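Just so you know, the sequences run in chain order A and B. Following my numbering, the numbering of the first sequence begins with 1 at its first residue and continues without gaps. Following my numbering, the numbering of the second sequence begins with 626 at its first residue and continues without gaps.
Hint data in this document are derived by calculation from the structure and do not stem from the laboratory. Predicted, not measured: the structure shown is a model, and the values here were computed from it.
In silico contact screen, one side only, chain A against chain B (beta carbon under 8 Å); selected entries:
#: 1; residue: E201
#: 2; residue: G219
#: 3; residue: R223
#: 4; residue: I245
#: 5; residue: G595
Taking lysine to aspartate or glutamate pairs in the EDC-like style, the calculated list, with each CA pair at most 20 Å apart, reads:
#: 6; chain 1: A; residue 1: K344; chain 2: A; residue 2: D270
#: 7; chain 1: A; residue 1: K423; chain 2: A; residue 2: D337
#: 8; chain 1: A; residue 1: K199; chain 2: B; residue 2: E699
#: 9; chain 1: A; residue 1: K198; chain 2: B; residue 2: D686
#: 10; chain 1: A; residue 1: K118; chain 2: A; residue 2: E225
#: 11; chain 1: A; residue 1: K217; chain 2: B; residue 2: D913
#: 12; chain 1: A; residue 1: K45; chain 2: A; residue 2: E225
#: 13; chain 1: A; residue 1: K380; chain 2: A; residue 2: D392
#: 14; chain 1: A; residue 1: K486; chain 2: B; residue 2: D686
#: 15; chain 1: A; residue 1: K198; chain 2: A; residue 2: E139
#: 16; chain 1: A; residue 1: K198; chain 2: A; residue 2: E188
#: 17; chain 1: A; residue 1: K448; chain 2: B; residue 2: D913
#: 18; chain 1: A; residue 1: K448; chain 2: A; residue 2: D418
#: 19; chain 1: A; residue 1: K199; chain 2: A; residue 2: E188
#: 20; chain 1: A; residue 1: K382; chain 2: A; residue 2: E433
All C-beta atoms in this analysis are idealised placements derived from N, C-alpha and C, irrespective of residue type, glycine included.
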Amino acid sequence: MSLNGRRKGPWVGGTGILVAAVMLATASFAGIAGAQSATPSPAGKSTFIYGVTAPNSSMNPLVGYLGIDYTIWSLEYNLPIEFATKDFGADLEHSIVTSVETSSDNMSFTYHMRSGLKWSDGQPFTANDVAWTLNFYKESNISNYSADLAIFKSAEATDDATFVIHTDQPTSVFNGQSVWMYEFILPEHIWSTIDEPKKFENVPAVGSGPWVVTQQKPGDFVRLERNPNFWGTQVGLEPHVDVIIEKVFNDENQMAAALQRGEIDFGFFDSANILNSLKTKPNIKTWGAQIPLFDELAFNSGSAFQTDKAGGFVPHGDGIHATSDPAFRRAVAEAIDKQTLVDKVYGGYATVADSPVQPGATTGNWDPPADQALNFNLDKAKADLTAAGYTDTDGDGVVNDPKTGENVVLRYYTRTSDQNTIKTAPFVKSWLEQIGVGVKVFAVSSGKLTTIIESGDYELFHWGWFPNPDPNYILGIFTCEQRAPKPGVYGNNDSFFCDPQYDQLYQQQLTATSTQARVDIVHQMQQILYEQQPYIMLAYTNYLEAYRTDRFTGYTTQPEGVGDLLATWGPFGFIGIRPVTGEGASAAKSEGIPGWVWIAIVVGLAVVIGGIMLGRRRISDEDRV
Amino acid sequence: MSTRRYLISKVLQAILTLAFVLAFNFFLFRAVGDPVTQLLRGHSGISAQAVLQLQRQLGLDLPLPQQFVHYVKETFEGHLGYSYFYNLPVSQVIAGRIWPTILLIGLSTLASTALGIWIGIRQGWRRGSKYDQGMLAFTLFTYSMPEFWFGLLIIMAFAVGVGPFPALFPTGGYETTGAGYTGMAHVVDVLNHMVLPFFVLTLSYLGEYSLIMRSSLLETLGEDFIITARAKGVRENRVLYGHAVPNALLPTMTVTILQLGFVLSGVITIELIFNWPGLGLLTATSVDARDFPVLQGLFLLFSASVIVANLVADLLYSYLDPRVRAA
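Please construct the entire structure, taking both the sequences and the accompanying hints into account.
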């Protein structure tokens, strides 16, 4: 039965009215748009909002572990000695500690502090707080700090402005010439009273930094407000921003839109494409910051063949023999054109790398000797492979291992969560095949790859690290003890590199009694890593940043001239930023339409719907007659 | 089957399903990988002792059966565990996200249902008309559009402002971060943030309801009792609203109630695109972080809400249409 041509029912008129109402409402939105100029910031307070692409893991310095968590703690707590913005050096002029004296046996270090310091709640901040915190971290074996405190024995406060650190062995690392202790000092009067400190939410917090966390919505935002008792004003550290907000975005496109609209003032990005799309937008500047961050191609240096039992290691995995041979690894390194990867994969937001210890590390730059440099040269790579015995004995186009006689085919893992690893793979595969090394590329999740690495079932993978300015930690991951001892157990040493001489040097750098002696040892370790190539260092990747030029100014790069615009290793970058005033300044963008319009819309819709219902009721009544 | 037996059997079915989901959740999340290795990657200076300490702290050093017994016991006591990632009780993490999801997804589901039914009735009543054809094309188009893509376009148009489109609304979020609005100002602020995701969701799901309503109404209009009503001289308006629509609403109502069961799970893509801090977004970030306790809690909540909605739909349907009960 066709219903075509049926009489238009009375409700159709209602449709017209409702459509008209919606159109009217839409028109009113548009009309109002031009009239908006309100700022969402609370009156009289300047608020700086920066966007990040992942939620914080915790506000508690005992359990959080992400870089963005450290940024927050840098704003609300002090390190004994702060990182200088210029070069990550020790900035005693702007630290709670003003000088350090070393005992003749290099096992006791006396730290002199500023006096009259206060916590944000008004309580005195003394040497007792520092000593208590360091002892607490050591005794509780807090994993964030255990590497720094490996040879730390104890700390004691001798008066309100002096504390002494005692070590197990002679060392230079506590002598105050560089920032060794990346330990945030906590208020004893708060933390010593907590039964389960690791479960302490720490919001709102009591801190000593220029801002303290006052509110957090996990996964959404963190709000910090000015600490009225900040001691730094006495040394010229005067913050110009009242409120700092870290806003979490789960989609970078949305963060880019928020920056364009002026909802945020600054954003940290992961995607070079998105950053590039912002380059031409008005009032926005983009920046690739050079910070301690690198990507590497890691070899399985012999998980199945090593006999050193350090750390309870048992040989495991099915990684092929060739990658356990440093000569093979060096030849492969010569087949990788890092500059092409920097240009084509990283979009120019990276520099070619040669050591896991970045040039800006606290121990200074190290370059490989010119005669040992493993530069990109496919012919030389092929010749070096041949010289090391890797030739194609069966004529199938793939070189054979001189020891096992088998084809050398590398299982090469990339990560689905990192586009750069996926984009790199075709280049590497092509280069290696040109020197006769077979490659099978796999793309897996980070979790899956971790399991594969622990099991030693790989030859090559692409990942990266975010080291501290001091090289102790990143050098530590190459020690025998840090290998995964057996499948299913985590180990930081994901290349299974193990060299007793290297391990010895690692201990020596901890116990060197002069800073220069330590630097020399660190450089020797860098040399060993370069010669042995457990990692083919691909690139020092940039931190991608974009900011509005019409809202805040005074950004400080860390390290100077090339680094992070917010100088997130410490509070100084944030302290330096100030609102743009005068011509060129712009207020925050309006956050929608005003309340009275909403009321008008709701009332209008209620009237229309009510009218329709009344009309229908009348007609229904008529029907019943 | 008596009403009582029918009720009991349905409730029992629901409880059994929930028990299965409870067990399934536990094993499902442990099959995807070890969370400790995820938590430690890139973490400075981890010793083997620290790893063991973390495993002990998370209860992951116990044998799997013991972990399971512990999990069931804790769940029945109302403890959903402790988030690996947020370092907060799971119930606290989830509680903070429920309201935004209910507000956005709940309201848009109601709006798309109401508008969809309304459009479907009009289409069915005027089958083949230009309105019907036009609406059919429009609703099919919006229904088949990927939400995340549509959402991005809407952000570009109405939040950033492109060409003639004015930048009217916030790009995302639930409220203006850090503004600290209270009272009416807060309500208005949330409404402004909700406009774009609400619009995208409502439009995206409109087609589902209008299509069901349209075809259901067409089927009902061909029934004998409609011809009888017309033969008796009942007015067209009464034929439609008194006889056809109430019968045609049954399938739409079932879909709507089931859809309401999915409200809690949110719409992950939309919550991601609009940075709406709801349960969908929490699910996505928890998957990334392998935060098993939160995922377990979320899946239990989602499953429970769907199972309860299913039960309500079953019971309501049997009440409205006794033939179902007799079958």
